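*Asks:* So the chains spell out like this:
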Amino acid sequence: MKIAVCVKQVPDSWAEKKMSGGTLDRAGVDAVLNDLDEYAIEEALRIVEANSATKEAGEGSGHTITLISMGPDRASEAIRKGLSMGADDAIHICDDAFAGSDALATSLVLSKAISDGGFDLVICGTESTDARMSVVPAMLAERLGWAQLTFAGSVAVDPAQSKVSIARSTEFGIENMEATFPAVVSVIEKINEPRYPSFKGIMAAKKKSIAVKSLADIGLAADQVGSKAAWSNVKDAVLRPARSAGIKVEDGGDGGTKLVDFLAEKRVI
Amino acid sequence: MSEVLILVDAVDGKVSKSTGELATFAKVIGKVNAVVFDAALVSQLSAYAIDNVIVCTGVDVSKFSPGPIAQSLAQLVSTKSATAVLITSSSKGKEVAGRLAVATNSGIITDATSIDADLVTTQAVFGGSTTVHAAVTHGTSIVTLRSNSIEPIAGSGSPTTEEFTPTISEAAKLGVVTSTQPAVKGGRPELTEASIVISGGRGTNGDFKPVEALADVLGAAVGASRAATDAGWYPHTHQVGQTGKTVSPQLYVACGISGAIQHRAGMQTSKMIVAINKDSEAPIFDLADYGVIGDLFNVLPQATAAISAKKA
Ligand SMILES: Cc1cc2nc3c(=O)[nH]c(=O)nc-3n(C[C@H](O)[C@H](O)[C@H](O)COP(=O)(O)OP(=O)(O)OC[C@H]3O[C@@H](n4cnc5c(N)ncnc54)[C@H](O)[C@@H]3O)c2cc1C
Ligand SMILES: Nc1ncnc2c1ncn2[C@@H]1O[C@H](COP(=O)(O)O)[C@@H](O)[C@H]1O
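Protein chains in written order, with this note's numbering: chain A, 1 to 269; chain B, 1001 to 1312.
Source of the hints: derived by calculation from the structure; they are not laboratory data.
Keep in mind it's a predicted model, so treat the numbers as computed, not measured.
Treat the hints with care, since some could be wrong.
Only pairs whose alpha carbons sit at most 16 Å apart, straight line, appear in this in silico EDC-like list of lysine to aspartate or glutamate [as the list claims (entries may be wrong)]: (1) A:K248 with B:E1281; (2) A:K235 with B:E1281; (3) A:K248 with B:D1118.
Have a look at the derived ranges for each label pair, beta carbon to beta carbon [stated by the list, open to error]: (4) A:G246 with B:T1165: 43 to 49 Å; (5) A:G62 with B:E1151: 56 to 62 Å; (6) A:G62 with B:S1062: 34 to 40 Å; (7) B:T1165 with A:G62: 29 to 35 Å; (8) B:A1231 with A:D254: 47 to 53 Å; (9) B:E1151 with A:K55: 53 to 59 Å; (10) A:E250 with B:H1138: 32 to 38 Å; (11) A:E59 with B:E1281: 48 to 54 Å; (12) A:G253 with B:S1062: 51 to 57 Å.
Where a beta carbon is used, it is the ideal one built from N, C-alpha and C, also for glycine.
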């Protein structure tokens, strides 16, 4: 099996975020591997481990895991982290022309890299913690014409039958779904507990190959990506007045009654 | 007049209020065409400000992932020359919108809280700390809107109806639903639509009874933090936060919840926030309009009793 995992570098969720010129100001904040993508890497590793004679990902398993990331130079840090978890190699699509790309352009770029790679499965996180759109996996399925098995709370793969099945977990409950390869899968954070990179993993990752590709390498033109091709436009962004803390009372035995009096006074109940 | 498509949202055979919200937003833009895949829902649609109902026939969308819905909408966008398509911001709704944007070569905006006559949307980003106005600049405006963003206006008379038979490609039908387990539902309102939400976290220690009791005297929905859903104390479908649901009720009461950033991302835009927590340093107090430093097992039953007494 050839598995691709789409990973994105994002600003740390704990950092304060600001807008600059209509997009997120990424320069001023720490960048990390999107934590939801760690679940995608972990799931890929588990799929390989469950289906290889050596019970271990990596060489000899007969399967490969390739990370695919579109992002600036420093996204290579996030990619290294994924490699140190155990992925085999990576494709880093990096070009100044990508700056300001929206989800449509991102999915276009990723779909090019995916269709060139001959993968059986693409695994994504359900959401990048910066944009929070949760649309790239569905867009990939649409662009590639592959099965869409998203919001997976569990994944089972049968490589001999080229079959993948998931339990899709949405607000409406659970849908059990199946498809034959190739398919786009996205995983929710309930699916597993991502491993920490081991020392051995971190050392090995230094020697793993990251293929850096430009816009031209993946066969796209400059007007298909970046802020010029972003088909939505931010008109203005205003910082809301920070929510100031209100009244805080110590429960002296009448905390519940006082709370109800407050709510009644404010006419919310 | 410009044509707007809205995708009818229904749970268990009941058209949800969010459909009425989409219609209310769409009405300001142009003629409201409600797209529905289940003819049994049509009679419920006259409750809302819908001009025309388009019943898509010949495709059982419940069997597939969002592909066929998106493809049907894409065909309707072109036959109607629609200027906008409005969809509820559920996980499935956003996926439909994403595929539709690709299929129609159009811009997409997700999680808006409003859209005006000029198709300018409002979004609250970065956990509600920043308000953004944006617009689609290419193709049809594909916009998903959060539930509970507007009070739906009532319909005036019955909408016209028409049938449409979309052509669904084999690719869109890949990925088949083999069986389903519907979400377990109590008698409480839907989390994203409720005007009051009472949520419990790790501080409940697995006992949600006081949380549910308060919810029931207020006719509120029950939410939970990830710590509570992970522990199996409450179903995942009730999780509020970054990887759960985003709620924006009139009143949000956080009980035994510390207020981690991932939780705040799902409730920060609530109109009023109340926190009950033993730890006076808990970050949830930073955004609470009213905070009680105390044990939820004392405070909640007392509040519940006080409300019952007021009602009696
Ligand atoms: C990728 C990712 C996604 C996530 N998504 C979400 C999400 O969608 N939603 C979410 O909620 N979290 C999410 N989290 C988890 C989040 O970081 C926190 O771990 C979680 O919100 C903590 O839940 P809690 O507040 O219930 O528990 P804790 O942080 O343990 O807080 C419990 C609180 O209860 C108080 N307490 C204890 N006993 C009592 C009592 N008797 N009376 C009153 N107060 C009491 C304590 O003082 C404490 O403040 C996510 C994390 C990650 C990494
Ligand atoms: N620039 C990117 N590079 C690689 N993968 C991405 C990128 N953007 C989004 N993804 C993938 O798509 C998922 C959903 O992202 P989003 O639709 O932006 O919320 C993420 O969890 C990633 O797996």
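*Asks:* Of the hints given before, which are not true for this structure?
*Replies:* Hints 2, 3, 4, 7, 8, 10 are the ones this structure does not satisfy, whereas the remaining hints hold.
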